[in-house]
Every structure is written in C-alpha cells, then in structure tokens.
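Novice: Listed here are the chains, written in short residue letters.
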Amino acid sequence: MSAVIEEEAHHEEHPSGIARWLFTTNHKDIGTLYLWFALLMFFIGGGMALIIRTELFQPGLQMTEPQFFNSMTTMHALVMIFGVVMPAFTGLANWQVPLMVGAKDMALPRMNNWSFWILPFAFAMLLSTLFMPGGGPAAGWTLYPPLSLQTGDALPFLIFAIHLMGISSIMGAINVIATILNMRAPTMTLMKMPLFVWTWLITAFLLIAVMPVLAGGVTMLLTDRYFGTSFFNAAGGGDPVMFQHIFWFFGHPEVYILILPAFGIISTIVPTFARKPLFGYSSMVYATASIAFLSFIVWAHHMFTVGMPLAGELFFMLTTMLIAVPTGVKVFNWVATMWRGAMTFETPMLFALGFIIMFTIGGFSGLMLAITPVDFQYHDTYFVVAHFHYVLVPGAIFAIIAAVYYWLPKWTGHMYDEGLGKWHFWLSTIFVNVTFFPMHFLGLAGMPRRIPDYSLQFAGFNEIATIGAFGFGLAQLIFLYLVFKTVRSGAHAGDQVWEGARGLEWTLSSPPPYHSFETAPEVK
Amino acid sequence: MTTMADGWQQNTDDRPPALRRRIRWTVGILVALVLAIVVIYFVLMSR
Amino acid sequence: MTMSLTRRLAAWPIGVALWGFAGAALADYELNMPKGVTDISNEVYSLHMLIFWITVVIGIGVFGAMFYSIYRHRKSKGHAAEQFHEKTSVEVVWTIIPFLILVGMAVPATKTLIAMEDTTESDLTVKVTGYQWKWHYDYINQDIAFFSNLATPRAQIHNAEQKAENYLLEVDNPLVLPTGKKVRLLITAADVIHAWWVPDLAVKKDAIPGFINEVWTKIEEPGVYRGQCAELCGRDHGFMPITVVAKSPADYKAWVKAQKADQEAEKVAAGKDWTMSDLMAKGEKVYNASCAACHQPDGKGIPGSFPPIKDSPVATGEIDKHMDIVVNGVDGTAMQAFGPQLSKVELAAVITYQRNAFGNDTGDKVQPSDIKGAE
Numbered sequence: 001m002s003a004v005i006e007e008e009a010h011h012e013e014h015p016s017g018i019a020r021w022l023f024t025t026n027h028k029d030i031g032t033l034y035l036w037f038a039l040l041m042f043f044i045g046g047g048m049a050l051i052i053r054t055e056l057f058q059p060g061l062q063m064t065e066p067q068f069f070n071s072m073t074t075m076h077a078l079v080m081i082f083g084v085v086m087p088a089f090t091g092l093a094n095w096q097v098p099l100m101v102g103a104k105d106m107a108l109p110r111m112n113n114w115s116f117w118i119l120p121f122a123f124a125m126l127l128s129t130l131f132m133p134g135g136g137p138a139a140g141w142t143l144y145p146p147l148s149l150q151t152g153d154a155l156p157f158l159i160f161a162i163h164l165m166g167i168s169s170i171m172g173a174i175n176v177i178a179t180i181l182n183m184r185a186p187t188m189t190l191m192k193m194p195l196f197v198w199t200w201l202i203t204a205f206l207l208i209a210v211m212p213v214l215a216g217g218v219t220m221l222l223t224d225r226y227f228g229t230s231f232f233n234a235a236g237g238g239d240p241v242m243f244q245h246i247f248w249f250f251g252h253p254e255v256y257i258l259i260l261p262a263f264g265i266i267s268t269i270v271p272t273f274a275r276k277p278l279f280g281y282s283s284m285v286y287a288t289a290s291i292a293f294l295s296f297i298v299w300a301h302h303m304f305t306v307g308m309p310l311a312g313e314l315f316f317m318l319t320t321m322l323i324a325v326p327t328g329v330k331v332f333n334w335v336a337t338m339w340r341g342a343m344t345f346e347t348p349m350l351f352a353l354g355f356i357i358m359f360t361i362g363g364f365s366g367l368m369l370a371i372t373p374v375d376f377q378y379h380d381t382y383f384v385v386a387h388f389h390y391v392l393v394p395g396a397i398f399a400i401i402a403a404v405y406y407w408l409p410k411w412t413g414h415m416y417d418e419g420l421g422k423w424h425f426w427l428s429t430i431f432v433n434v435t436f437f438p439m440h441f442l443g444l445a446g447m448p449r450r451i452p453d454y455s456l457q458f459a460g461f462n463e464i465a466t467i468g469a470f471g472f473g474l475a476q477l478i479f480l481y482l483v484f485k486t487v488r489s490g491a492h493a494g495d496q497v498w499e500g501a502r503g504l505e506w507t508l509s510s511p512p513p514y515h516s517f518e519t520a521p522e523v524k
Numbered sequence: 001m002t003t004m005a006d007g008w009q010q011n012t013d014d015r016p017p018a019l020r021r022r023i024r025w026t027v028g029i030l031v032a033l034v035l036a037i038v039v040i041y042f043v044l045m046s047r
Numbered sequence: 001m002t003m004s005l006t007r008r009l010a011a012w013p014i015g016v017a018l019w020g021f022a023g024a025a026l027a028d029y030e031l032n033m034p035k036g037v038t039d040i041s042n043e044v045y046s047l048h049m050l051i052f053w054i055t056v057v058i059g060i061g062v063f064g065a066m067f068y069s070i071y072r073h074r075k076s077k078g079h080a081a082e083q084f085h086e087k088t089s090v091e092v093v094w095t096i097i098p099f100l101i102l103v104g105m106a107v108p109a110t111k112t113l114i115a116m117e118d119t120t121e122s123d124l125t126v127k128v129t130g131y132q133w134k135w136h137y138d139y140i141n142q143d144i145a146f147f148s149n150l151a152t153p154r155a156q157i158h159n160a161e162q163k164a165e166n167y168l169l170e171v172d173n174p175l176v177l178p179t180g181k182k183v184r185l186l187i188t189a190a191d192v193i194h195a196w197w198v199p200d201l202a203v204k205k206d207a208i209p210g211f212i213n214e215v216w217t218k219i220e221e222p223g224v225y226r227g228q229c230a231e232l233c234g235r236d237h238g239f240m241p242i243t244v245v246a247k248s249p250a251d252y253k254a255w256v257k258a259q260k261a262d263q264e265a266e267k268v269a270a271g272k273d274w275t276m277s278d279l280m281a282k283g284e285k286v287y288n289a290s291c292a293a294c295h296q297p298d299g300k301g302i303p304g305s306f307p308p309i310k311d312s313p314v315a316t317g318e319i320d321k322h323m324d325i326v327v328n329g330v331d332g333t334a335m336q337a338f339g340p341q342l343s344k345v346e347l348a349a350v351i352t353y354q355r356n357a358f359g360n361d362t363g364d365k366v367q368p369s370d371i372k373g374a375e
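First to last, the sequence lines map onto chains W, X and C. Just so we're aligned: 339 in this note's numbering is position 339 of the first sequence, and the numbers increase by one with no gaps anywhere. Just so we're aligned: 39 in this note's numbering is position 39 of the second sequence, and the numbers increase by one with no gaps anywhere. Just so we're aligned: 107 in this note's numbering is position 107 of the third sequence, and the numbers increase by one with no gaps anywhere.
By construction, these hints were calculated from the structure, which means they are not laboratory data. It is possible that some hints are incorrect.
Only pairs whose alpha carbons sit at most 30 angstroms apart, straight line, appear in this in silico DSSO-like list of lysine-lysine [as the list claims (entries may be wrong)]:
#1 C:285 to C:310
#2 C:310 to C:321
#3 C:218 to C:111
#4 C:35 to C:253
#5 C:260 to C:272
#6 W:422 to C:77
#7 C:127 to C:35
#8 C:257 to C:267
#9 C:87 to W:192
#10 C:260 to C:285
#11 W:422 to C:75
#12 C:75 to W:192
Partial pick of chain X residues on the chain W-facing surface, computed with a CB cut under 7 angstroms [what the hints assert, rightly or not]:
#13 27
#14 30
#15 34
#16 41
Glycine is no exception: its CB is placed at the ideal position from the N, C-alpha and C atoms.
Bound conformation, chain W alone (with noise of 0.2 angstroms):
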C-alpha cells in the first residue's frame, strides 16, 4: 500500500506487510481497508446488477432461472447498501474526521479494527449462501415474510451476517459520537466544525437508533422459523405487516443514513472549487437535523398499499412530503455557495455537480411517490427503482466517488491524473442516465418490480436500460486504474492541492503522518 512518510525521529514503529493490516489501530489505515473492501463490493454488486440487466434486456427467460434472478436483485441490494454505500462512508468517516477535529485517532482505536474486521467474514457468509440448498435469499432486501420463510437453509446465515453487519455499524457509530464529542482541537466548538463532520454525527446517532431495530426484525423471522413463535403468522394470532411496519422504521433512517454523509462531503467540495464559503452554514446544521429528525415519521411511505387506515395514509403522506423542505434548503444553500464564486470544474467538482443535479432529480420522483393516492400507481413498479437509483447512484456513489478524487492525493501525496477522472465523469453520468432515466417510464407505463420477465410493451426500454449498465460499468473500470495509479505513483501533491480547500486537514502533509496530530492544532 502506500509509502507513509515518518516526518519526526520518533520512537515510534509501525508494523508493515499482513500484521500491519490485520492488527491496526491507526484511523488512516482503517479508513484504507474499509474503502479498499467498498470498491471490492462495489464490482460484486455490479456484477450482480449486470446479470440482472442481462436477463431484462429482452423479453423471455434467455440466462438465468426466476429463483436466481429474484436471489440476484436481493443480494445485489444488500450488497450494494451494506457492502459499498456503508462502509465506503465509514472510510472516509475514519480517514477524515479526526483529521478534520485535530484529533490523533479515533476515541477507540481497537474498537475500530474490530468494526472493521467484521465485514469481510460477513460478507463472506453472505455471499456463500448463494452456494448453499435452496439457492441464496430470494425475497427482496426487505426480507418480507411469509416469503422471506420460505428461503432455504441460507436463512440463519442471512441473518447472523445481517446481525454482525450491525454489530460494526453501531460499534463505528459509537466511535464517531464518541471522537468527535471529546477530541475536537480546544478551540473548535461544534458550530465551528466542517460540515461532513456534522453529517457524520448526526448519522451515527441515526445508526445508533435504528441498527438494533433491523436487528430485532430479523431476529423474530428467525424465532418463526425454527423456534416456533408467530410474530408475522396470522394462523397464530401474527401480523405479516409488523415486520413491514418494524423494516422500514430501520429502512427509513437507513436511507438518510445513506445520504447524510454525502451531502457533508458536497459541502465540502463545493466551497473549495468555488473559492467561496459554504453559504448558510447554521442553516445547513440545521437543516440535517431536520431531515433525521423527520426521517423517523415516515416510514409507512414505504407500505402505502399494506391496507393502513385513512388516518394513517394521511399523517405519512404530509410528513413524508414535509422532508422536501429541509432537502430543498440544503440545495439552495449550495447553489448559492456557487453564486458569484470562481468556479473550476476539476474532477470532485464535477461529480458534485453531478450529484446536486442528479439527486435532485431522485427528489423530484421523491415528492412524486409522496402523493399517497398516486403512489398506488407506482409502489413497486419501476418508477420507485428509477427514484432509489438516482438518489443512490449519481447520488451516495457519486459522493464517495468526488470524495475519493478529492482526498486521494491527501491519502497518497499523488495528485491523479485529471483527463482520466473527467474520463470517468462523463462517461458516468452519461451511462448512469441512460440506465436510469428510461425506468420512470417503464414504471409508469405499468412494469412491475422484481420480475425475470415483462410483456413486450416494455422491451424497447429495457434494452436501452441494459445498454446503460454495461456502459456505467465498463466506465467504473477507468476508477478502479486510476486509484491503483494514483496510491502507487503521480505527480507530487503538495499540502495544500487545492487551491480553495481549507480545514485542518489541509494544513498536514501529503500523505499526513502516521499520528496526525501529536499537538492539537488551533482553530480560527
């Protein structure tokens, strides 16, 4: 991995080849295994995307089996949520905020090598039930019974790796709260720090709340099936909408968990290639509180069709529709940080844009899945993939991806190579439409979700979708060369790289030392 630079004749040692990996304590290299594991996942999940695009991309079964392409669209979902958007934001979590407090490490340094550790044994439990009888879970990654009980001997591990999954995100959350309330530099007060640092809390007391609720959820799937309980059976007295109604209460926080740190990272990139302050910075605080705080009074948007009261319907409706205003403000506050600055469009910049044009979009069919009695149209239909999509993709990945070029150079003292990276960018956004884009309007012209096969109004869209993913994909691989290239070798980039970038961050080398801060640095 990269050459770390011991700027003083300290005593101090650090271990190299596995031992260093496998038993680090230090922040820097955590961040580098959770991103390097992310990037990993992130390939696996888009194989799996492009099998199911491969399927989809004519009408009739031509390659895969019903069972196997339903067991594909869910591992693809728990892959990409758990396995890339996760621990991708973790990454730059544990690279960037203590870097960004002034701190030397996180609160709890040996804690956050077990947070990590975890995933990998995880995941392989995970993906090795697609080995086992029965074929991997094939419900859908919201798991919901009684269908989720019809899966194979896959079930229990399913579920212990969804518990240790839990297990390290609570455990990273702890760390965070827990670094950034008590090792800010002295004169960093809370309204004084960056704003990723902000969504980072309020993220984690979001993961802190929520993880043991999906813990909970599946564990009573588990107690169904094999010891006998009744939690989801109506034969013995259950309730098949519980779990609905348990899921999205994790779901819910879950997709601002998913997006919280990716509006800190634009508000970040977008001030320093503008040369201008972030506009509305108590606002934008403000504003992110707002959206966790609301995200707990809407998960029922989820289940509209469940057959809920009218009352029920109503208070979902208004509140799910309320969330557009905070996610509004924080738009406008953007926009107006890019008013009358002086803009360059470097790589970061350019997929931040990217990001504040795209989600908004995904906000738009947002709002429009909002309107209760028009969401009977769309729930489970290919509207409601073209909206997660949009706000996952060149929304959450975009985000990793301009916060990946943006630090990189910090991380490894290389600058990368500036024509490959818009290479990238372009090449993404143009694919990741091209894939996207054309499902508002299969789902709109009546094409279900999670289906192998649809009838033939819906080939010609279809196939355009299928063409974008394989373009979006092929385009990931220049990413993957680039960030090989850069880690081993590229022109030298100074402390600073970018002109406009401030924050504590800034002020430490390239790459930083190995104890980033053996003083604590002041604020202004």
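Please arrange chains X and C on chain W, whose structure you already have, making use of the hints.
Specialist: The following block gives chains X and C in isolation, referenced to the frame of chain W:
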C-alpha cells in the same frame, strides 16, 4: 510483531485522564442507549 | 468522440438485440401513466401530472441558476469570488415558499385519497385471493368462483415460440365485472403477500394472508384491462397476471347466466363416464396449464427440485395414493393441493393423463366420480 495492544498504546498513551474519563462517559451513555432501544423493542413486541 | 466509444461498447449487445429484434420492434416506448377508465383513475392521473409539472418548474429554476452560474461565475472567465456566506432572510424565503407549494399539493391529494378509501354502498362484492402463483375470484353470494392462471404458453417464455401480443398479460379465466356499478373487492392471500394491481383502474392493494383489504372501483367503459401482481411473492411473481373484462350490465348478466349453465354442465359431466381419449385430451390441457410449470412439459421434472411424472412410482403405482397427492398436495413441499383448484372432471382427466402419458401407459382410467376428497 506489533500487536493491536501496542498500536492502541501509541495512539492513546498521551491522553490526559480527563479525556479518558469523558470518552468512557460518552461510550457508556451510547451503549446504554442501544440497550435501552433493545429493551423497549422487546417490551413492545411482547404485548 | 463519445459517440464512437458508445458505438464500440454497444456493438456486442446490439448484436444480441438483432437476434431478438422482434421483441423490441413491438415495444411501445410508452412514456406516461394511463388515464384509465374510472373517475378515480382520471383524478389520480391529474394529480400525477400536477406534481410532475410543479417539479419541472422547480427543476428549471434550480438547474437554470446552476447552469448560469457555471457559465458566468468561473475562474477562467476572470470572475473574482465574492465571500458572502449568509443571509437569514433568504433562508426564510426558500423555506416558506416550498412549504406553501407543498400545501397546494396536499389539498387535492387528500381529497382524492378520502374518495378512494370509501368502500361503502357498493353494488357487487368479489373476493380476490392471491396464491403462489395465480389469482382466485369468488363472487360473494353468487356461487361463482374460479382460479385465474397465466395463459401464455411456457414455450413462448423459453423462446421456443414467437411471443403473442398479450405475452404475460393473458389468463385463462378473467375477472368479469359490470360497467357503471360500484364493485367492492375484498383482497387476501392464501400463502405469502401478493398485490392486486390494474393500472387502468388505479387500484393496487396488498393481498395479505390472514387479513382482508378492501378496495372499490367503478368502471365507466367496457373493455379488457390488464395488470400484474405487484408484490414479490416467489419464483413466478412475474407470471401471475390479472385480466379484468368489463361488460355492460346486460352483457354481464348474460355472462352470469352462462356461468351458471356451465356449472350445470360440469355437474353432468362429472356424473357421467368418460372415454379414455376424452380424458387424455382434457388431461393434457390441464397438465400443461397446472403441472408443466414444475413437472415440465415432457414429464421429466427438474432433478433436485421437482420429481418426474415419467416412470414415477406414484404415477404408475396405486391410484389412490396418486389421487391423494394431486388432491391434497404434499405438506412441507411445493406440491399444492389441487382439489380446491380443479373440478372433478379436470382432476380425473389430469390423473388419467399422468398415468398414461410419457410412456407410463398404465391403461388406468379415472372417472370424475372416482375422485375422493375433492368437493
């Protein structure tokens, strides 16, 4: 071979005791929060 | 530059596309939701368009400002960065105005939702039950009930035959409803959660085992309206469509009469003795509709998943045991109980067929009156 304990030592050996205490309080409260959520969950599901 | 790169990247899948060109040629490239054939579906469509246009206007505003800024406020144009970073009044404005827009959307949405949830004073009630993987319709108090299965031949799905116009959207027994009458649908399921959805009616409701959901619809125009199951329910979730045939009240009455006549004829058919060739002909039809999905059209099954019928000890052994499996299913396996799903004539025919087709040749004939354990 440097173990995790050594790495942790280097990271934390110059922490003032006040900081150690505050971190322990923070972690204690958060763990209690997680356990409280689990307990509330079980209570609700047992009704 | 980008074009030729795209062309090169697309060369392979385009080659595949040419092979399956027929499918894409029939594609409609439909962009929007249907207006539908009920008052509610038209209201829903209008709401959808209202929200859509509002978001378009907001998008033009926001993206317009962004593109303008990207063009004018760039360093390469010599623009110097101003340093303003706060203005409370502007924050208030762009919080209040979106809030007011939302109120404007919420009012008509609430009105439509309240109308949709009012299932009182209906003229007709039908109970809809979702099964893995078919629908069952039961006209309450009219003694008419039947299963509705996908009618598209498996050969089309597996690309051995050209796909017909209503590929995957056709059924053997559609739900027939009168126009101009308020129809209440009671929706439930027998095994896992399904969802009943017909876009032209703007009706979608989850079918939950052990619970009953209510929806209503009033179809204004006679015609055929097609939908699909809209909740992942297992292997053949994509293969259990819905077809609603809306007839004028007079035609509907005639249909009800014809159903009763068919029931009478069925009773007669169940009472008489059938010839071997009649049983085999009917049995083959039933086999292909109800058994072939798992046991395969050639009777060979799928090793490890579905046992074969060909040379099967069950199909060539004791008739009573064979009948019990077909009528009552096998607990803990995917073999359903077909007693409630098929008539006595169909059961007798399919058992006879299984015992004599695929080279089994037992010579056994099972009459409808022999069927035990079915209604």
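Novice: Please verify whether residue 75 (chain C) and residue 192 (chain W) have alpha carbons no more than 30 angstroms apart.
Specialist: 27 angstroms, holds
Novice: Verify the proposed pairing of residue 257 (chain C) with residue 267 (chain C), using a straight-line Cα cut of 30 angstroms.
Specialist: 16 angstroms, holds
Novice: Between the alpha carbons of residue 285 (chain C) and residue 310 (chain C), is the straight-line distance 30 angstroms or under?
Specialist: Judged against 30 angstroms, a Cα distance of about 17 angstroms means the pair holds.
Novice: For the pair supplied as a hint, residue 310 (chain C) and residue 321 (chain C), is the alpha-carbon distance within the 30 angstroms limit?
Specialist: 16 angstroms, holds
Novice: Using 7 angstroms as the Cβ threshold, decide whether residue 34 (chain X) counts as touching chain W.
Specialist: 6 angstroms, holds
Novice: Hint validation: residue 41 (chain X) versus chain W, beta carbon distance must be below 7 angstroms. Holds or violated?
Specialist: 5 angstroms, holds
Novice: Next pair to validate is residue 35 (chain C) with residue 253 (chain C); report whether the Cα-Cα distance is within 30 angstroms.
Specialist: This hinted pair holds, its Cα atoms lying about 28 angstroms apart.
Novice: Just to be careful, I want the Cα atoms of residue 422 (chain W) and residue 75 (chain C) compared with a cutoff of 30 angstroms; is the pair within it?
Specialist: 18 angstroms, holds
Novice: Taken at face value, is the distance from the CA of residue 285 (chain C) to the CA of residue 260 (chain C) at most 30 angstroms?
Specialist: Holds - the C-alpha atoms of residue 285 (chain C) and residue 260 (chain C) are around 23 angstroms apart, at most 30 angstroms.
Novice: Hey, residue 87 (chain C) versus residue 192 (chain W), does the alpha-carbon distance stay inside 30 angstroms?
Specialist: Holds, at roughly 18 angstroms.
Novice: Given the proposed pairing of residue 422 (chain W) with residue 77 (chain C), does the C-alpha separation stay at or below 30 angstroms?
Specialist: 20 angstroms, holds
Novice: Do the alpha carbons of residue 218 (chain C) and residue 111 (chain C) lie within 30 angstroms of each other, as the hint requires?
Specialist: Roughly 18 angstroms separates the two Cα atoms, so the pair holds.
Going down the numbered hints, you'll see the structure goes against none, and every one checks out.
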